[in-house]
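Residue numbers (my numbering), protein chains in the order written: chain B, 1 to 183; chain V, 1 to 142.
One thing to keep in mind: the hints can contain errors.
To be verified - Calculated cross-link-like contacts (lysine-lysine; reagent style DSBU-like; alpha-carbon spacing at most 35 Å):
1) V/Lys6 with B/Lys171
2) B/Lys121 with V/Lys124
3) V/Lys111 with V/Lys23
4) B/Lys121 with V/Lys66
5) V/Lys97 with B/Lys171
6) V/Lys22 with B/Lys121
7) B/Lys171 with V/Lys124
8) V/Lys6 with V/Lys22
9) B/Lys171 with V/Lys128
10) V/Lys111 with B/Lys121
11) B/Lys167 with V/Lys97
12) V/Lys6 with B/Lys121
13) B/Lys167 with V/Lys6
14) B/Lys121 with V/Lys23
15) V/Lys136 with V/Lys75
16) V/Lys22 with V/Lys136
17) V/Lys97 with V/Lys111
18) V/Lys52 with V/Lys136
19) V/Lys136 with B/Lys167
20) B/Lys121 with V/Lys128
21) V/Lys97 with B/Lys121
22) B/Lys171 with V/Lys23
For the record, the hints were derived by calculation from the structure and aren't laboratory data.
This is what each chain is made of:
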Amino acid sequence: MLSVAHSDLGNHSVNLSTIFDIATELNKAHCAEYGPSLEQLAQYNTSICDWKEELKIVVSLKTVVHLVSKNVINTSDPQDSPELLQVVSGLLQNRINKADETYSYMVSTCNLAGTQRHELKNKLTALKTEIVSLNEDILDLRHELLNKKGLVGKFRPSERNLAHAVKVSNKSLNMEVAEIEFV
Amino acid sequence: MSSSDKYVVLTTSSLNSDPTTKKLVDDFRDYKNNIIPNFPLFGRDTPFTENKQLELSNICKVHIFKDSELYDMNKSQNSNTTDAIHLVYCEHYQNPKLLSVIAVLSPDAHKSARDSNTIDAILKTAEKFHSLDPAKYLNKSA
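Take the sequences, apply the hints, and build the full model.
In structure tokens, the structure reads:
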């Protein structure tokens with residue numbers, strides 16, 4: 001079942017394999033109910049240097065737990081791949097907010113020194129940027145899959161496309177009246 | 001739908017020359033002409049009543065749903081709203097079947113629509129649009 005998603009992801013740089021691999025394991029073990037919480041991970045006395053990797057795991061696990069619980073990942077129909085990616089994207093969006101929660105939690109419970117706080121904040125900010133970028137890649141990929149399904153012209157724009165459209169629009173609004181032409 | 005019932009949707013050459021904005025305009029044209037009636041891209045579609053000048057210039061806005069937003073198919077189109085992106089368009093004074101897409105407002109579309117520079121820019125574009133002869137464009141599409 002997961003090979004469908006893998007083959008669809010094919011030559012793209014988006015790395016969702018970790019998510020799907022963990023999902024497979026979770027499926028096998030029937031332990032889809034709970035992933036480790038942020039609090040539990042913090043109790044493992046994770047060093048700040050490893051925190052980025054740990055948070056990635058949280059992101060993956062929590063995403064997958066949700067996917068598995070909704071049976072989204074158990075699809076054998078390749079036509080569902082765009083919808084699967086839509087769900088992954090929505091969940092990643094939620095995870096972006098988790099970086100802020102993590103920072104607050106670590107600062108309030110782990111007695112971090114100023115430089116450590118600074119370092120943690122920088123790392124979490126970098127992680128957020130990475131997740132946002134991954135999310136945009138996923139949405140672009142989803143569009144591509146919809147195109148392949150013959151739905152060209154009938155899909156909703158991604159965040160990236162809309163941001164671009166707004167830039168073009170702002171430029172257009174700044175034009176002189178004499179320059180405006182209607183087509 | 002006869003050609004007289006059909007909406008003719010123009011836009012500015014600058015919006016038309018960019019593939020992304022052109023695509024939005026094309027989708028808007030299809031939506032207005034019921035070619036993709038149930039497609040959940042466009043939400044609430046109303047005149048710009050928050051600003052009298054914009055309203056008097058026949059400026060309207062339609063809420064655009066981006067990929068990551070939930071469009072509730074159990075609700076009416078008018079009940080599906082978003083603050084993120086609004087497509088701003090104008091209905092021609094002389095013929096409401098002639099429309100022009102003028103702008104895409106974001107990231108806080110309502111806030112952008114209160115910005116005086118944005119309002120002025122929309123009004124000046126609308127004014128130029130109203131100076132067009134609708135017969136020229138509506139006959140062309142027939």
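Against the structure, the hints come out as follows:
1. V/Lys6 with B/Lys171: holds (30 Å)
2. B/Lys121 with V/Lys124: violated (46 Å)
3. V/Lys111 with V/Lys23: Given pair V/Lys111, V/Lys23 holds - Cα atoms ~25 Å apart, limit 35 Å.
4. B/Lys121 with V/Lys66: Distance of about 30 Å is within 35 Å: holds.
5. V/Lys97 with B/Lys171: The hint holds at about 27 Å.
6. V/Lys22 with B/Lys121: Violated, because 40 Å separates the two Cα atoms, which is more than 35 Å.
7. B/Lys171 with V/Lys124: holds (14 Å)
8. V/Lys6 with V/Lys22: holds (19 Å)
9. B/Lys171 with V/Lys128: holds (17 Å)
10. V/Lys111 with B/Lys121: holds (30 Å)
11. B/Lys167 with V/Lys97: Roughly 28 Å separates the two Cα atoms, so the pair holds.
12. V/Lys6 with B/Lys121: violated (55 Å)
13. B/Lys167 with V/Lys6: Holds, because 30 Å separates the two Cα atoms, which is no more than 35 Å.
14. B/Lys121 with V/Lys23: violated (39 Å)
15. V/Lys136 with V/Lys75: violated (39 Å)
16. V/Lys22 with V/Lys136: holds (22 Å)
17. V/Lys97 with V/Lys111: It holds: about 29 Å lies between the C-alpha atoms, which stays within 35 Å.
18. V/Lys52 with V/Lys136: holds (29 Å)
19. V/Lys136 with B/Lys167: Answer holds: V/Lys136 to B/Lys167 is near 31 Å, not above 35 Å.
20. B/Lys121 with V/Lys128: violated (50 Å)
21. V/Lys97 with B/Lys121: violated (54 Å)
22. B/Lys171 with V/Lys23: holds (17 Å)
Violated hints, listed in ascending order, are 2, 6, 12, 14, 15, 20, 21; each of the other numbered hints is respected by the structure.
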